[in-house]
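Chains W and A, in that order, give the protein sequences. Positions in the first sequence are counted from 1; adding 531 to them yields our numbering. Note that our numbering numbers the second sequence so that position 19 is 6, with each residue one more than the last.
Please note: incorrect hints may appear among the correct ones.
[Unchecked claim] Simulated pairs of lysine-lysine, DSS-like, Cα-Cα distance not exceeding 25 Å:
#1 A/Lys55 to A/Lys36
#2 A/Lys55 to A/Lys103
#3 A/Lys48 to W/Lys557
#4 A/Lys36 to A/Lys48
#5 A/Lys36 to W/Lys557
Don't read these hints as lab results, they were simulated from the structure.
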Amino acid sequence: DAGVTQSPTHLIKTRGQQVTLRCSPKSGHDTVSWYQQALGQGPQFIFQYYEEEERQRGNFPDRFSGHQFPNYSSELNVNALLLGDSALYLCASSHPGGTQYFGPGTRLTVL
Amino acid sequence: AQSVTQPDIHITVSEGASLELRCNYSYGATPYLFWYVQSPGQGLQLLLKYFSGDTLVQGIKGFEAEFKRSQSSFNLRKPSVHWSDAAEYFCAVALMNYGGSQGNLIFGKGTKLSVKP
Chain W
532 DAGVTQSPTH LIKTRGQQVT LRCSPKSGHD TVSWYQQALG QGPQFIFQYY
582 EEEERQRGNF PDRFSGHQFP NYSSELNVNA LLLGDSALYL CASSHPGGTQ
632 YFGPGTRLTV L
Chain A
-12 AQSVTQPDIH ITVSEGASLE LRCNYSYGAT PYLFWYVQSP GQGLQLLLKY
38 FSGDTLVQGI KGFEAEFKRS QSSFNLRKPS VHWSDAAEYF CAVALMNYGG
88 SQGNLIFGKG TKLSVKP
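Modelling step: build the complete structure from the supplied sequences, incorporating the hints.
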């Protein structure tokens, strides 16, 4: 039984560029949440997708957007990258309202 | 606003010694509480969770945690630490959705555990 998978593992971008991160949920899960973990900090909630719609959103600007596909996989898009967007981006999957299980993360470095 | 506080940034214990990691939360209702562990460069692994019922919960890898409502605490314990337990530990609270299901997680800043041989 595959767990949550994320791609790519690492990514380097320059300021102003756009980036897309991908997540495949654990088998049987239909809800995907995204978190940003800056160095030395705990993860912060970005948003959650269920039934291909954004259901909840944390305190992140509109530069952060997402999408969920019919197979429940999800993308996180970040436009106009800033140095401060450098972080580990974590995807978690769950049943609606259920316990969240995390993937290994994508390390984004913005130069 | 809801928050989670982990007062210890870094703890060092000797292998075989007991461990207690502290977690305090601020939340208006009975929360869903979690402990996750993160090895360097890795994602988060769920150690244990508390929803209701028995306030002492058992998790994986020999960890347990006790929910104390009067102290708004959910401390993580292990009676004998192994070198492989060195990692960062995060306490989290889940907000409640309408209808009582759990929503997104709010994390503490983490406690880094080092284990001396």
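task: Identify every previously stated hint that the structure contradicts and give their numbers, smallest first.
output: 2
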